[in-house]
Structure formats: structure tokens, C-alpha cells
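Visitor: For the record, the sequence lines run as chains A and B. Counting along the first sequence from 1, when you hit position 167 you're at 167 in the working numbering, and nothing is skipped either side. Counting along the second sequence from 1, when you hit position 133 you're at 133 in the working numbering, and nothing is skipped either side.
It is worth saying that the hints were derived from the structure and are not from the lab.
Since the list gives no way to pick one copy over another, a pair counts as held whenever it fits inside one copy or between any two copies.
Below, simulated BS3-like cross-link-like pairs (lysine-lysine); rule was C-alpha separation at most 30 Å, straight line:
(1) 71 to 251
(2) 174 to 284
(3) 134 to 251
(4) 174 to 283
(5) 319 to 308
(6) 352 to 308
(7) 284 to 251
(8) 134 to 334
2 protein chains.
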Amino acid sequence: MIAVEDALKIVFAHLGHWGTEEISLDQSLGRILQEEIVADRDFPPFNRVTMDGIGLNFDQFERGQRVFEIKGEAPAGGLQKELQDPSSCLEVMTGAIVPTGVDVVVRYEDLEIEEGKATVLLSNLYRNQNIHFKGSDRHQGIVILSSGKCISASEVGVCATVGKNKISVSRLPKTLIVSSGDELVDIDQTPLSHQIRRSNVYRIATVLESYKIQPSVMHLNDDFNEIVKRLESEITDYDLILLSGGVSAGKFDYLPEALSAIGVEKLFHKVKQRPGKPFWFGKKDNKLIFAFPGNPVSSFMCAQQYFKPWLDRSLQSSKTELPWAELVEDVHFKPDLTYFLEVKIIFHPSGKIKAYPVKGNGSGDLANLVDADAFIQLPSDRNDFRKGEVFPFIAYRNLIHG
Amino acid sequence: MIAVEDALKIVFAHLGHWGTEEISLDQSLGRILQEEIVADRDFPPFNRVTMDGIGLNFDQFERGQRVFEIKGEAPAGGLQKELQDPSSCLEVMTGAIVPTGVDVVVRYEDLEIEEGKATVLLSNLYRNQNIHFKGSDRHQGIVILSSGKCISASEVGVCATVGKNKISVSRLPKTLIVSSGDELVDIDQTPLSHQIRRSNVYRIATVLESYKIQPSVMHLNDDFNEIVKRLESEITDYDLILLSGGVSAGKFDYLPEALSAIGVEKLFHKVKQRPGKPFWFGKKDNKLIFAFPGNPVSSFMCAQQYFKPWLDRSLQSSKTELPWAELVEDVHFKPDLTYFLEVKIIFHPSGKIKAYPVKGNGSGDLANLVDADAFIQLPSDRNDFRKGEVFPFIAYRNLIHG
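Chain A with its partners taken away, still in its complex shape (with noise of 0.2 Å):
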């Protein structure tokens, strides 16, 4: 049995492999960038009027001059017009490019037309007022988007802006969840008294999606022959494997012996925490195996542990961080493991994110989870733990609605 930190090193030390495609833009949602964005041109790509209203000359301004005739109009989407007379002034719109002998941009709400003359109504205005220069957001040439930057609406603006329909990404692995026991019906079948419904592989795959992996889902059954042949004949057709149930101690746990028996290295087994001791990790040539403990909530915080940090890794998102929060009641916990407690995530007008723990009957109470939204983490060399001490927490739901 190793340390939480100790499982981690070595989830870590195995991340998967498995390349780049390209996709289109509008499919790019939530993926991982894996190429430069580059800027295509200067960002404004020419000085930029800012503000509807009429360019002039400053110098004209600063001389005293404060009423101007309109001697025609830029529109946004024109050529660039010129201000020929510097005593007169043009009808310029946001978006347009500013007019060569234009040098100050007055807003219509700060100008009185009439008969196609404008009066500038302010007495102060700096030069370049209201423009938007050339190069000065972002030059050509530039990096506007690094590898590795999860794809959300603001980096498939930019993506646009610069013409960008495809763009490369890492590719995501090809998955295969099995749930195993006797005990396990499908959802759309009615139990016996002593039978339950499959629940495991449902979380798990919407997991997965979060991420754009559709995974395959079968399903065996205790049975050490039928486990060895399905497993072997199967998983040569995928990049990662995730099973849940059937590494306990239990009499009819075959799956860490039938995954040695069709040659998947182990690299761990049981770790020091609560829920989730019997996790099994292991690997085959390039493939990895996640294999969770069977009931629900200990796959559930496997899952969310291990494996997704595991996978953003793996597919070189540079978001890895967990953000932490504060326990508004003490608590205590004694087994010599690492408590991964369930809480739910208040986000307090103080700035704090405030931690409060929804206690369930262990492993077994799915239906806790979704009274809660979080694993706070609590180290194993401690038994108490103080209301007002913060820790770090795994999200399991998306809290703030990015």
C-alpha cells in the first residue's frame, strides 16, 4: 500500500502519448491547442477609430478652431479616406480607418451638427484621442496563443480573427471503461432484490466527455476465464483502459490476476486513502490501465484524483492546478490514510472559498455525491483538522460557470 503522493508520482511518470489532429474550430471547444496561434497582422491591423463621431486635426483644435464642416464621412469597411482641408473634419464610425490628416476623433455625444457643420462642445482633447493604433494590442509575428491552452470562447475568437478554421490539437486517446461483479444490471433493466444497477461506467464515460472522449463500455462478468479472454481480445483495439469493481480482496476480485495474466504490468495497487484504498494501476506496452475499486464513490474520486490530472498531463494542458479552501467545521478522521472528504463549495462574499463537509455513509452513497460538489483533500499524518485551516480540493462539478 503507498502514500497518495507516492500513487500520483507514478500516474504521472506513465502519461499517455498519443499525438496531434486537426479539427475545426467549431469543434474545438474544451481541447488542447497543440500549435502556436500566431497574430496574421498587426491587431488592430490599421489605426482604428474607437468611437462614432468626426476626425479632425488637432492642431487646428489646439489654435482655437472649434466648429467644423463635414466634408464627407469613413465608414467602417471603407478605404482610407483623406482629410484634405485640415480646417474642416470628416464623419468617421467605429471600426473605420482613420483618415490620413486625422489625428483626433470627437464623439457624437460631444458635438452639437447642424447644417452640415459639427461644434466640438469639449474645451480639452489630446491628440490621438480615441484611436486605436496599429500594432499596439499585438504586433504581426506575435504568439497570441501558446501550445497547450485549453480551447474556450475567448481563444476561438482569436483563432478567427486571424484565420485560423482549423487548428491542431491533442489527439484524445481511443477508451474503454468495463464494469465487472454479478451484481451489476444494466439501466434500463429492473433488479432482482440482491442485484443493483450499473452506475460506475455512466459517471465515469460523462467524465470523459467533458473532454470530447467517447469511450466504448462492455461489461463482464466474475468469472476468471470469461475476464482473461474478453480483456485480451479487447484492449488491443485501445490506448487506455479504465475498469471499475474487481480489485478488492474479495474471492471473486480476479481482475488485478487476470490483467497480470494477459501481461499488463502492475504499478501499483491499494493506496493510502479513504475512499478508494483498492485502486490498481498498470500498464501494457503503451496502454494504461486505470482499474477503481467498485463502489461508486471511491471509482467516482479515483476518477477525478487520478485520472483526470492524469489526462490533462497526457494531453498537455498547461491547466493543472487545484485551487483550496477553507473547512468551516472541524473535523476528524483517524485511519492512518489520507481522507478525501466530500464538501460542498460556497464562494463567500469575503472572497474565501468556504469548504463545508456533506457527510454520507462512505463509499457506498452515490447519491451523497450529488449533495456535495468537491473532494477536499486531508493528509494522512493528521487525525484533526481545524474549522479556518484551508486545503486543496477536486471539483467534480463545473462551480464557476466559465
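Keeping the supplied structure of chain A fixed, place chain B upon it in accordance with the hints.
Guide: Chain B only, in chain A's frame:
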């Protein structure tokens, strides 16, 4: 021009109502539940063994017996067994029904098993140890998930457990996104010197995708008659229309007039805020029309500040609170406007959320959005905001990786 608070009030007073629809559970991530999910039987449905080991009679142990002959086994998924001889024991597996006559389970780790006999190595046990009682998590008939819950992995798990492979969720609005402006060309075109590529529609479409809304997209040039004609024929097919551009004070900003011409009622135009002042909001019958400013930061801010909370409420989501963050530096902002400042969000090991201002070049600086994470909302009645003060923020990316 109205205050941000009043604009929000008007927006929230005109929610969309699009009914419900039934969808497959495996398509439900991120959707808003519109039914109560009820425990179809007790959770757990039987007295359940929580550890692999042996099941025995507690009174026998209390009387001093330590060695128990193993008389059989109770696997998970099997019918309930019976411990006929109370001085013997049964091997019991996690997930099995506790056999009649058994009222304590001892883990394999706390046993020595030799020649068909199990010796308990512990000096103390307690009655019902390692037994998870029928109905102790949730009783049959209890509501486990309330209407309004946003579906994440843990909710999918509960639905699977109670056999709901179809669930009722809020129907999504049929949505049209419209860009406008002669300066805009499409993503796959090379803009001329006075043109730029469309990016607002891509950014807004990505926001919609996070709700699983698949919008239609169209573009309008700055031609009043064309705008009227095309809007009139198109909007009949949609519940929701999101426009960008054409709502400022410019001579070619035809949208307010064009929307009025086709019978759209203006609910407000212009909000005391930066960015996004020219934001326009209206309705026609049951259709809601958000007309965002054309500047990329402005349109995105308005989508985050008004549209997303409006959509959350229209979908009857129970998730509507904003988080709070502490400014890490003084900010000065003079205009009498609510200031939505771009910030990078850091989760500090103190448990505090910290906001680092990311100063860009204003509402045209779309590249700045990728360096920040959120808009922090600084009220209009002050000019100075101090380091250490706390304000609500609107995140536009998934900051806590749930």
C-alpha cells in the same frame, strides 16, 4: 442610458419559456433537469456488505469465540445466504447481501485463515460493523435530484442507478446569431487592409455550445433595406436572436431602427458600463433579441454579463450565484460607469480568490481576452478601488475544472 442593475432587472423580467424535452441520459451533461428524480427503491436496496472478509454472529464474538469455521460464501450478486450455525462464519464479499444470522463483517486484513477456519485478530468489534443498512442513504420514494439541477457526472450516476435512461430537461432555444458590418469578412477569407475577420459570432457560438445550443449564423451588410428584409424573414424561425454590431451612434448603425421597423419592441438601449455601453435589448412576441455592440470585448462582456444569466434563468437552472475575488492592486476608473475590468483569476493557497487586472487597450483588444479569465465588476458610484477589496466576477472560462 440606464444603470447596470436596472438593465439586469429588465433582462430578468423577460425570460424565455421553451418548455421541456425528453433526452437520453448519455446526452444530458450540462443540461438542466426538469423533473424530480426519485429513489425507485431503498439506497442501498438491501443490507449490504462493505468489506471483503467474513460475516459472523456478534454475540458469539462477545462471548469470547475467536476461531470460526467457514461454512460457505456470499458473493455480490448472489441471493441472500443464511448463517445456519451461529458459531461458524461465511465468507462475504463487498456488495453482497448480508446473510441472515450475520451482524458483523470482519475484513480479510483482520483475519488469519487456515484450513477452512478464520481467526479474528482484533480484540474489539462492534455490532453491525462493515454493514451498510438498507435505506440508510435514501429511502424509496425520496427525491434525490430536484428540478433545476445542472447535470454533471454525479447526477448521471444517480439517474443510472434508479433506471432513468431518459430524463426530462429544459428545451433549448432555437437561436440565430447575426453579425453586421461592412468591414467584416469570413474566417477563411484574406481581409483587405481596411477589413477584419468576423470573430464575435464565433465567440458567441462557443458560449452557446457550452449549453449545447447549436445556433444558425448569418451576416448582414450595412444596408438598411437589406437588414430589414432579411431580419424580417429570418427571425420568425427562432426563439432567440443574438446580434453583434450596428447598435452604436454611427451613421450606419441601422439595427435599432431596423428592429423597430419589423416590430421588435426596444426594452432598453445603452447601459452605463464599460465596455458594452451600446448594448440593446428587445422583444417581439415570445422572441428575445440581444443586440450586442460590435467591439469584440464589448460583445463578449455583454454575452457573459446579461445573456448567460438570462439563459440560466430561462432554462430554470438553480445555479445562478456569482463568485467573488480580491483585487491585488489599486484600480482607478473615473467615468460614471460600471467598470467590467478584465482580470486573471488565481486560487491562492490561503483559500482566497485573487483577481489580477489584465490591462488591455479597451474594447477592441480581443487578444487581451485570452490572457484574462473573467470580468470583475467595479461599481459606478466610486472612482477608486483598493487592493484587498472584494468584488463579484464573471468568469468566461472553466476555471475550476469540474
